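When we follow this note's numbering, the leftmost residue of the sequence shown carries the number 8, and every step to the right adds one.
No lab work stands behind these hints, which were simulated from the structure alone. For clarity, every value in this text was computed on a predicted model and none was experimentally measured. Where a beta carbon is used, it is the ideal one built from N, C-alpha and C, also for glycine. One or more of the hints may lead you astray.
[Claimed, not checked] With a straight-line cut-off of 20 Å between C-alpha atoms, the simulated DMTMM-like cross-links for lysine to aspartate or glutamate are:
id, residue 1, residue 2
1, LYS264, ASP194
2, LYS264, GLU187
3, LYS264, GLU196
[Stated by the list, open to error] Distance ranges between label pairs, derived from CB positions:
id, residue 1, residue 2, range
4, HIS251, ALA150, 38 to 46 Å
5, ILE122, GLU196, 40 to 48 Å
6, GLY105, GLU223, 47 to 55 Å
7, ALA150, GLU124, 37 to 45 Å
8, VAL195, PRO84, 31 to 39 Å
9, ALA123, GLY262, 26 to 34 Å
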Amino acid sequence: MSDDESRQVSTGAWGQDTDVAPRVAVVTGASAGIGRAIAVGLGELGWTVAIGARRADRLEETAAAVRAAGGTPWSHPLDVTDDASVDAFFADLEAELGPAHAVVNNAGVGYLGAIAETTTERLRAAVDTNLLGALYCTRAATAAMLRAGIAGDVVFISSDSIQQPYPHMLTYGATKAAIEYLAAGLDVELGGTGIRVTTVRLGPTVSEFNTTWTDEDMIAFMHAWERLGIKQDFNYIPAEAVAHAVITALSAPRGTKVSLLSVRPEVTRSADPRQMWADAADQGRSRARASRDAKGR
């Protein structure tokens with residue numbers, strides 16, 4: 008790493024030291040994809056990164072990446088849909104390292120399908136993970152910050168689907184709209200406490216998010232868009248771009264808060280959107296296979 012790159016990492020996007028004091032940051036859904044990229048990015052700042060996910064076996068991969076980046080990982084199983092699991096995660100973290108200075112609510116799921124055809128199981132999974140999970144984690148994290156008098160940060164990962172509803176992704180979009188309402192209200196509720204609230208709103212992002220989508224669901228999704236005459240450019244941003252946005256918010260100097268960051272891919276109208284969806288799905292599946300193969304060796 009060159010001197011310029013080293014200085015950029017240590018000073019952050021604001022051109023100043025970000026390490027006012029050692030910080031502990033929680034990242035949920037950190038076993039892969041966006042969560043892992045955020046955790047590694049925070050590790051590059053030299054922070055302690057508390058990572059949690061349901062796929063506990065893959066947390067060690069993220070922990071190793073955080074350690075290699077220069078951070079200190081703390082890993083713990085976490086099922087954000089289970090309030091007991093969330094409470095245990097934050098209680099154990101506080102007992103070992105003290106309260107978190109920042110929490111990034113990244114854990115999320117999304118399924119394709121028209122509302123009329125969506126199973127109750129998928130509806131519950133989306134609401135329980137995307138909304139209740141964020142509520143559980145935010146409740147635990149902010150309660151600890153307030154008790155300790157910590158000037159901390161709460162970050163929510165949202166989606167641009169709240170601005171333009173995506174047919175066949177309405178359940179996901181509805182949970183993200185609720186997340187943005189939560190973030191806006193929490194910002195008011197916590198006013199004057201020193202706890203900042205940020206929403207990072209994403210466009211299509213390369214991750215393992217869509218690896219469970221079946222070809223049949225994707226075909227129905229694309230046909231619905233064609234039938235409704237919706238035109239959308241489906242380029243993708245890398246997960247590392249999301250990490251950079253989160254770090255920009257968390258490294259803002261005190262007295263400054265970043266309420267909303269929208270991160271979207273550039274538009275290139277020459278691309279075939281259906282092929283781009285397929286390519287992104289293949290990338291996610293390839294990453295998942297590579298990770299499983301590496302684990303098996």
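Status of the hints after comparison with the structure:
| no. | hint | in the structure |
| --- | --- | --- |
| 1 | LYS264 to ASP194 | holds (10 Å) |
| 2 | LYS264 to GLU187 | holds (16 Å) |
| 3 | LYS264 to GLU196 | holds (15 Å) |
| 4 | HIS251 to ALA150: 38 to 46 Å | violated (29 Å) |
| 5 | ILE122 to GLU196: 40 to 48 Å | violated (31 Å) |
| 6 | GLY105 to GLU223: 47 to 55 Å | holds (48 Å) |
| 7 | ALA150 to GLU124: 37 to 45 Å | holds (39 Å) |
| 8 | VAL195 to PRO84: 31 to 39 Å | holds (33 Å) |
| 9 | ALA123 to GLY262: 26 to 34 Å | violated (50 Å) |
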